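Here is how the chains run, residue by residue.
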Amino acid sequence: MTEHLCDLPAYEQVRRIKDGEISAVELLKSTFERIDAVEGRQATTEPYTPSPTDLEKVHAFITVTRERAHAQAESIDQKVAAGEDPGPLAGVPLAVKDIFCVKDTPSTAGSKILENFISPYSATPVKHLEEDGAVVVGKVNLDEFTFGSSNESSAFLPPVGNPWDPAYVPGGSSGGSTAAVAAGEATISLGTDTAGSIRQPAAFCGVVGMKPTYGRVSRYGLIAFASSLDCPGPVARNITDTALMMNAIAGPDSRDATAANTPVPDYSKGLMEGVKGLRIGLSPEYFKLKYPDPETGELIEQPISPEIESAVLAAAQTFAEMGAEIIEDVSMPNTHHGIPVYFVISRVEAASNLHRYDGVKYGYRFPDEEENLRELYKETRGRGFGIQPKLRILMGMYVSAEQYEKGHYERALRVRTLIRDDFERAFDPSGSYKLDCLLTATTPTTAFKLGAVYGDSVLMQYADLLTVPANHAGVPGLSIPAGFGENGLPIGIQFIGPDFSEATLLRAGRSYEMATEADAWRARQPKVIETL
Amino acid sequence: MGNGAPLMSEYEAVIGLETHIQLNTNSKIFCGCKADSWADPPNTNICPVCTGLPGVLPVLNRSVVEKAVLLASAMRADSIQSRSYFARKNYFYPDLPKGYQISQYNEPLALGGFMDVPLPEGDQRRVTITKLHMEEDAGKTVLEAGRRLIDFNRCGVPLVEMVTGPDLRSADEAAQYLIRLRQLLRWLGISDADMERGHLRCDANVSIRIQGLDVLNPKTETKNVNSIENVRDAIQAEIKRQIREVKAGRTIEAWTLDWDEDSGTLRKMRVKETEADYRYFREPDLLPIELDETWRDEILSALPELPLDRRARIAKQYDLPIYDAEILTEERSLADYFEKAVEVYDGEPKTVSNWLMNDVLRIIRSKGVKAGGLQLQPRLLVEIIDMVDEKKITTNTAKSLLDQVEATGNAPVEIVERENLAQVSDEGALRQVIADVIAGNPDQVKTYRAGKESVIGWFVGQVMRESKGKANPQLVQELLREMLAGE
Numbered sequence: 339m340t341e342h343l344c345d346l347p348a349y350e351q352v353r354r355i356k357d358g359e360i361s362a363v364e365l366l367k368s369t370f371e372r373i374d375a376v377e378g379r380q381a382t383t384e385p386y387t388p389s390p391t392d393l394e395k396v397h398a399f400i401t402v403t404r405e406r407a408h409a410q411a412e413s414i415d416q417k418v419a420a421g422e423d424p425g426p427l428a429g430v431p432l433a434v435k436d437i438f439c440v441k442d443t444p445s446t447a448g449s450k451i452l453e454n455f456i457s458p459y460s461a462t463p464v465k466h467l468e469e470d471g472a473v474v475v476g477k478v479n480l481d482e483f484t485f486g487s488s489n490e491s492s493a494f495l496p497p498v499g500n501p502w503d504p505a506y507v508p509g510g511s512s513g514g515s516t517a518a519v520a521a522g523e524a525t526i527s528l529g530t531d532t533a534g535s536i537r538q539p540a541a542f543c544g545v546v547g548m549k550p551t552y553g554r555v556s557r558y559g560l561i562a563f564a565s566s567l568d569c570p571g572p573v574a575r576n577i578t579d580t581a582l583m584m585n586a587i588a589g590p591d592s593r594d595a596t597a598a599n600t601p602v603p604d605y606s607k608g609l610m611e612g613v614k615g616l617r618i619g620l621s622p623e624y625f626k627l628k629y630p631d632p633e634t635g636e637l638i639e640q641p642i643s644p645e646i647e648s649a650v651l652a653a654a655q656t657f658a659e660m661g662a663e664i665i666e667d668v669s670m671p672n673t674h675h676g677i678p679v680y681f682v683i684s685r686v687e688a689a690s691n692l693h694r695y696d697g698v699k700y701g702y703r704f705p706d707e708e709e710n711l712r713e714l715y716k717e718t719r720g721r722g723f724g725i726q727p728k729l730r731i732l733m734g735m736y737v738s739a740e741q742y743e744k745g746h747y748e749r750a751l752r753v754r755t756l757i758r759d760d761f762e763r764a765f766d767p768s769g770s771y772k773l774d775c776l777l778t779a780t781t782p783t784t785a786f787k788l789g790a791v792y793g794d795s796v797l798m799q800y801a802d803l804l805t806v807p808a809n810h811a812g813v814p815g816l817s818i819p820a821g822f823g824e825n826g827l828p829i830g831i832q833f834i835g836p837d838f839s840e841a842t843l844l845r846a847g848r849s850y851e852m853a854t855e856a857d858a859w860r861a862r863q864p865k866v867i868e869t870l
Numbered sequence: 435m436g437n438g439a440p441l442m443s444e445y446e447a448v449i450g451l452e453t454h455i456q457l458n459t460n461s462k463i464f465c466g467c468k469a470d471s472w473a474d475p476p477n478t479n480i481c482p483v484c485t486g487l488p489g490v491l492p493v494l495n496r497s498v499v500e501k502a503v504l505l506a507s508a509m510r511a512d513s514i515q516s517r518s519y520f521a522r523k524n525y526f527y528p529d530l531p532k533g534y535q536i537s538q539y540n541e542p543l544a545l546g547g548f549m550d551v552p553l554p555e556g557d558q559r560r561v562t563i564t565k566l567h568m569e570e571d572a573g574k575t576v577l578e579a580g581r582r583l584i585d586f587n588r589c590g591v592p593l594v595e596m597v598t599g600p601d602l603r604s605a606d607e608a609a610q611y612l613i614r615l616r617q618l619l620r621w622l623g624i625s626d627a628d629m630e631r632g633h634l635r636c637d638a639n640v641s642i643r644i645q646g647l648d649v650l651n652p653k654t655e656t657k658n659v660n661s662i663e664n665v666r667d668a669i670q671a672e673i674k675r676q677i678r679e680v681k682a683g684r685t686i687e688a689w690t691l692d693w694d695e696d697s698g699t700l701r702k703m704r705v706k707e708t709e710a711d712y713r714y715f716r717e718p719d720l721l722p723i724e725l726d727e728t729w730r731d732e733i734l735s736a737l738p739e740l741p742l743d744r745r746a747r748i749a750k751q752y753d754l755p756i757y758d759a760e761i762l763t764e765e766r767s768l769a770d771y772f773e774k775a776v777e778v779y780d781g782e783p784k785t786v787s788n789w790l791m792n793d794v795l796r797i798i799r800s801k802g803v804k805a806g807g808l809q810l811q812p813r814l815l816v817e818i819i820d821m822v823d824e825k826k827i828t829t830n831t832a833k834s835l836l837d838q839v840e841a842t843g844n845a846p847v848e849i850v851e852r853e854n855l856a857q858v859s860d861e862g863a864l865r866q867v868i869a870d871v872i873a874g875n876p877d878q879v880k881t882y883r884a885g886k887e888s889v890i891g892w893f894v895g896q897v898m899r900e901s902k903g904k905a906n907p908q909l910v911q912e913l914l915r916e917m918l919a920g921e
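Protein chains in written order, with our numbering: chain A, 339 to 870; chain B, 435 to 921.
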């Protein structure tokens, strides 16, 4: 098997570039070759007719920024040649979820309404990654405005395919990010997580994804979905690369009032320190799904898929063997409120955040010249938004209408604090559990087939049941690969820790990587690469 | 009127004012753009944040909070909240780039408050404040040749919205309130409060009722009024219209009216529908405004004695007519000037007040500066007054000296010495001048001696002219009488 530079870990790519073994331009070339090999036809907003070959390709990108990337790679090589420090991410190919503004690139949010919007500025985390030497190879697909868990709602089609089997969804909304990283089309990616949008697709695509503490990474330049829940975060193929990304993107920002001033540790330090003495909790609420029957409203309980349950339990066993203390039966009684509360809060915020797309200043406008303002709004938004934004606007408008506001939004905010209380009790150093983190499944199932769930927006939402509580509570969550299901698709396990415990979660993740290094499943390759 | 309809004078107006006050911060409320764009070309003070580009976030300018706290305190708010919130007010309009305005709603910075407005007849009107909150301004839409042009310069300019209760009873009272508010805003240094430039905007809610009743009838809202005079005129016109309508047996509908300054008439803009639903909710992009005690004390340490309080104190402390105190406290810098001058002056404060009101104000107005910006500093003014008191110079000399000191900044005593302006009280020298004037004007001397003593004034004038205004006028008169009576 020949080695492709694009498949190396970021830390190894950086080492070779710094040592002069390879150039950033060579690495970029390898990455573009991979993109050309696995990507398939360019996704567009034109009416979409599926073809069988679409189910063999990844379609991760909305825009590939070849020239911009080339200029960046050359400047890295010049720095190396001049003996300057090219940065801790020197030359590493970075795919940016197209929900971030990147200067001089189309920043579409996966929507027709922003199809022609070229951003005049770069998002703060993107800027930091570029300053550290990362090379933006393109903007990757997502659910429209991040509204979804499968990537099927993007206005840019064909939809992203899961590199392990492109007939399956990559998850979402950061599915373009996780698919690109899994397929070697980028080494790292910047995603966003509002209810699990980094962790769920990371699990589906067999990569590492982290939702940092709310406020740990600036949201400036992230096209908002639900402002009080949105978190930018890293997607990578291993923990060490994830830590490198966190080092770049974490920190305060004078442009984001909600960014935390808490000191940022060096996330690369301490990764190898092991889990001896770490208190890791298992909660029964994370081994079952509890949701209301769409017909009767009655609460139904359903266990998560057995193969995922065993992956979590096996991981717990592994941690116990490494010296961690496993605390069972941690009570998280408000977990099942996560989705209903999320429905209310996220839609109220989303409806408001989508107000600005009105055809007046930028983006799509219909018709071009319009004297009747109402008509301009109606037609622009009616034609520019896809079905998911429209559903969210409708529900958000309804829920925040004056006569309902007290009943819904404020109640949801109160329930949100109950969910937060669950975590505070679990992590309280003087409480009964004293956990350093929880260990859970990331998703109840492995990836589903394209088209299998899409359209049932309630069922789709429950794919986020195990990830959304961390968004409500604002605490960090990390999803790492933990084997494969019977269908050959990846399984993810999740760590959730208290505020600003990213370093601990990364250390637990790295310990698991080391403990399972020799496992057979670690050698598997995504189908799209295998068949090259 | 025989049918028992109330007379015009039986009605009283019920008026509440909604004001938008532009705070005079350097930068906008949520971004670094310059706040005041007066006379700047459209769309020159804008950035991704204030034009609502995808992905941008607001960051609160702390000095907006500081200025709003000063105002709330000066309006004697019942409470200034240690924690308050911004909310989103959602609506669609092309000059509102985010599609929502960031404003405070049900958790504002301050609650309650009032201002006691002195009325010309001597009593006062308590105007209560029902709302005082911070918000961002929207842009400006101009319709031109069938096109809608938008200037985003004003987007994000910091405003305080302040709404009064229905406490004012006439157009004049409304004008008085605005005059006092403008005075206060400038006094606090938080707004230029120039209505013509939109720093102070006012919508008037007007209804009428039969005198003595305690009901609130349907009101109209008059918008687009850009001077205090226009507010008065517009309210006056609207009161008259409402009385006319009611007397004609029609009912008042809740219209929104537009004041056309040129024709002096009101135009119906739209029939006000049921309150729009703005779907307010807390702004998740901003943290709560935490006004801890340290910050609050720091802000309020800059709160000066308020104009009406100072007016009362100055009248009392310096034994001045309220008329004087009013003028001296029109503007804070003038009041400071007065009190500084009085402090170094040994005579009656009224003397200083007279000099200020008659002469120094003339200089201030012609130069268009504030009292504090004069070269003629309080101690220099007092130096001049002292010389008049000591009869070293004449009043006339003193007046021209004011201008000279203002122009040069030199010490009055030095100017007097250098230019030999001291009053001539040397009897011998004056006698010589008088003798010359008498000798040179035999006709007038004859007239005087024939009994027309009023000619004495003409003789004084001649002598003063000969002495270049430096002669002591009383001494001149004395000597003239003596010498004209002579022989």
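To be clear, the hints were calculated from the coordinates, so they are not data collected in a lab.
Source: prediction; values computed, not measured.
One thing to keep in mind: the hints can contain errors.
[Stated by the list, open to error] In silico DMTMM-like pairs for lysine to aspartate or glutamate, Cα to Cα no more than 20 Å straight-line: (1) Lys865(A) - Asp345(A); (2) Lys626(A) - Glu666(A); (3) Lys699(A) - Asp585(B); (4) Lys804(B) - Asp870(B); (5) Lys699(A) - Glu469(A); (6) Lys865(A) - Glu394(A); (7) Lys441(A) - Glu453(A); (8) Lys699(A) - Asp529(B); (9) Lys716(A) - Asp585(B); (10) Lys699(A) - Glu760(B); (11) Lys417(A) - Glu453(A); (12) Lys716(A) - Glu578(B).
[As the list claims (entries may be wrong)] If the Cβ cut is set under 7 Å, some of the chain A residues that face chain B in the computed set are: (13) Ile456; (14) Leu560; (15) Glu611; (16) Tyr742; (17) Gly745; (18) His746; (19) Asp857; (20) Trp859; (21) Arg862.
A virtual CB, placed ideally from N, CA and C, is assigned to each residue, including glycine.
These are the hints, each one checked on the structure:
Only pairs whose Cα atoms come within 20 Å are accepted, and Lys865(A) paired with Asp345(A) is accepted, the gap being roughly 14 Å. A C-alpha spacing of about 15 Å is found between Lys626(A) and Glu666(A), which places the hinted pair at or below 20 Å, so the restraint holds. As the CA atoms of Lys699(A) and Asp585(B) are separated by approximately 11 Å, the hinted pair is consistent with the 20 Å bound. Among the hinted pairs, Lys804(B) with Asp870(B) is inconsistent with the structure: their alpha-carbon atoms are about 47 Å apart, more than 20 Å.
Pair hint Lys699(A) plus Glu469(A) does not hold up; C-alpha atoms about 30 Å apart against a cutoff of 20 Å. Annotation: proposed proximity of Lys865(A) to Glu394(A) holds, straight-line Cα distance about 9 Å (limit 20 Å). The suggested pairing of Lys441(A) with Glu453(A) holds, with an alpha-carbon distance near 15 Å, which does not exceed 20 Å. Our distance criterion of 20 Å between C-alpha atoms is met by Lys699(A) and Asp529(B), whose separation comes to about 10 Å.
Under the criterion of a C-alpha separation no larger than 20 Å, the hint pairing Lys716(A) with Asp585(B) is inconsistent with the structure, at around 23 Å. Between Lys699(A) and Glu760(B) the alpha-carbon distance is near 51 Å, which puts this suggested pair outside the 20 Å criterion. Restraint check: the Cα-Cα separation between Lys417(A) and Glu453(A) comes to about 35 Å, which exceeds 20 Å; the hinted pair is violated. A threshold of 20 Å between alpha carbons decides the hint, and for Lys716(A) with Glu578(B) the separation of about 23 Å lies outside it, so the pair is violated.
Among the interface hints, the one on Ile456(A) is violated; its C-beta lies about 11 Å from the nearest C-beta in chain B, farther than the 7 Å criterion. Because the beta carbon of Leu560(A) sits about 6 Å from the nearest beta carbon in chain B, less than 7 Å, this interface hint is met. For the restraint placing Glu611(A) at the interface with chain B, the shortest Cβ-Cβ distance is roughly 34 Å, beyond the 7 Å limit, so the hint is violated. The interface hint given for Tyr742(A) is violated, since its Cβ lies 10 Å from the closest Cβ of chain B, which is over the 7 Å cut-off.
Taken as an interface hint, Gly745(A) does not check out: its beta carbon lies about 13 Å from the nearest beta carbon of chain B, beyond 7 Å. At a threshold of 7 Å, the smallest CB-CB gap from His746(A) to chain B is about 10 Å, leaving the interface hint violated. Checking Asp857(A) against chain B by beta carbon gives a least distance of about 41 Å; that is not within 7 Å, so the hint is violated. Interface hint status for Trp859(A): violated, as the beta-carbon distance to the closest one in chain B is roughly 39 Å, over 7 Å.
Here the hint on Arg862(A) is broken, as its CB sits about 37 Å from the closest CB of chain B, past 7 Å.
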